[in-house]
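Line by line, the protein sequences are chains Y and G.
Position 3 of the first sequence, counting from 1, maps to 3 under my numbering, and the rest follow consecutively.
Position 125 of the second sequence, counting from 1, maps to 271 under my numbering, and the rest follow consecutively.
One thing to keep in mind: the hints can contain errors.
To be verified - Label pairs and their calculated CB-CB ranges:
1) S60/Y <-> S213/G: 21 to 27 angstroms
2) T141/Y <-> M223/G: 34 to 40 angstroms
3) D130/Y <-> D286/G: 42 to 48 angstroms
4) G262/G <-> E16/Y: 40 to 46 angstroms
5) R282/G <-> L112/Y: 16 to 22 angstroms
6) E283/G <-> T79/Y: 43 to 49 angstroms
7) A168/G <-> T94/Y: 26 to 32 angstroms
8) E137/Y <-> L258/G: 20 to 26 angstroms
9) V245/G <-> S113/Y: 46 to 52 angstroms
10) L167/G <-> T98/Y: 27 to 33 angstroms
11) A152/G <-> G72/Y: 30 to 36 angstroms
12) S206/G <-> T94/Y: 49 to 55 angstroms
To be verified - In silico lysine to any residue, SDA-like type, Cα no more than 20 angstroms apart, as pairs:
13) K284/G <-> K138/Y
14) K222/G <-> L212/G
15) K284/G <-> T81/Y
16) K138/Y <-> G120/Y
17) K284/G <-> T94/Y
18) K138/Y <-> P171/G
19) K284/G <-> R83/Y
What the hints assert, rightly or not - These stretches of chain G come out as covered by chain Y in the derived footprint (C-beta under 8 angstroms, 3 or more residues):
20) 176-183
21) 208-215
22) 229-238
23) 252-263
24) 272-285
Derived from the structure by calculation, the hints contain no laboratory data.
These figures come from a predicted structure and were not determined experimentally.
Heads up, the beta-carbon is just placed ideally off N, CA and C, and yes, glycines get one too.
The chain contents come next:
2 protein chains.
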Amino acid sequence: MPTMTAAQKRAQAKAEYDAFLANCPSRQLLDRISDKWVALVLAALGSDCPHPDGAGEPRSMRYSELSRQLAGVSQKMLTQTLRSLERDGLLTRTVTPTVPVTVTYELTNLGLSLHGLMRGLKVWAETNMDDILTNREKYDTTGGAT
Amino acid sequence: MPTMTAAQKRAQAKAEYDAFLANCPSRQLLDRISDKWVALVLAALGSDCPHPDGAGEPRSMRYSELSRQLAGVSQKMLTQTLRSLERDGLLTRTVTPTVPVTVTYELTNLGLSLHGLMRGLKVWAETNMDDILTNREKYDTTGGAT
């Protein structure tokens, strides 16, 4: 049997998992990654935040740094999000035995591959915000869904 | 004053809106678009669904077709999602006065620009599902967050 090319393998994976199907595990995964906190954690660890050090490079961040970067996130939500991303293998959690211990988070290669996509969502939201505010105003004044 | 280049305009838009900030409207927009139903509606209307007609082309779909494509979606959730996407100017809703009336949905150019990104999320979830299931198993057997 001939070896499959990368494209064929991707096509097969797509055929096996289909997020349009209610019971496909990829539907649940899509739900998990479709989350603003996931988008913001990945953006921060992928170093898209306005920070002096090299943008575009993955970087390791402490819990407290992430918490500050993601303004308004609750401790419960941030902890849950980080644990779920660690469980899925998108980031690593490293505990250094200082006093007190230092806990840092860093994207894995799998996390970096998702980061590229999620970064686009954040930039898209920021870039098209003006147009969308205009559209909403128009919709609301013309009566919208009639 | 010299005219801004497209890149400068994008940089300015990014500076004006910052989803890392709790009160920035783009944070709320990122929350709105980070949604599995949004991802699946855009994927369906962008014709990524397994359907005979030309994949990659935007297409107009009836409510009932969308409802069938997005297996398991409730009528309430689908209606809310479509209305919100229409209000944001990502899709158009066309009512044709047949008996009974025909209501169709189609992506706008703005919707198509987001479709490209969201499509990537669905494909990413389907492509990496196996790796992620393996990672979860490993995390759960080694005790995970210690």
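Here is what the structure says about each hint:
no.	hint	in the structure
1	S60/Y <-> S213/G: 21 to 27 angstroms	violated (45 angstroms)
2	T141/Y <-> M223/G: 34 to 40 angstroms	violated (26 angstroms)
3	D130/Y <-> D286/G: 42 to 48 angstroms	holds (45 angstroms)
4	G262/G <-> E16/Y: 40 to 46 angstroms	violated (24 angstroms)
5	R282/G <-> L112/Y: 16 to 22 angstroms	holds (19 angstroms)
6	E283/G <-> T79/Y: 43 to 49 angstroms	violated (22 angstroms)
7	A168/G <-> T94/Y: 26 to 32 angstroms	holds (28 angstroms)
8	E137/Y <-> L258/G: 20 to 26 angstroms	holds (22 angstroms)
9	V245/G <-> S113/Y: 46 to 52 angstroms	holds (50 angstroms)
10	L167/G <-> T98/Y: 27 to 33 angstroms	holds (31 angstroms)
11	A152/G <-> G72/Y: 30 to 36 angstroms	holds (31 angstroms)
12	S206/G <-> T94/Y: 49 to 55 angstroms	holds (50 angstroms)
13	K284/G <-> K138/Y	violated (51 angstroms)
14	K222/G <-> L212/G	holds (13 angstroms)
15	K284/G <-> T81/Y	holds (18 angstroms)
16	K138/Y <-> G120/Y	violated (26 angstroms)
17	K284/G <-> T94/Y	holds (17 angstroms)
18	K138/Y <-> P171/G	holds (17 angstroms)
19	K284/G <-> R83/Y	holds (14 angstroms)
20	176-183	holds (count 6)
21	208-215	violated (count 1)
22	229-238	holds (count 5)
23	252-263	holds (count 4)
24	272-285	holds (count 13)
The earlier numbered hints that this structure contradicts are 1, 2, 4, 6, 13, 16 and 21.
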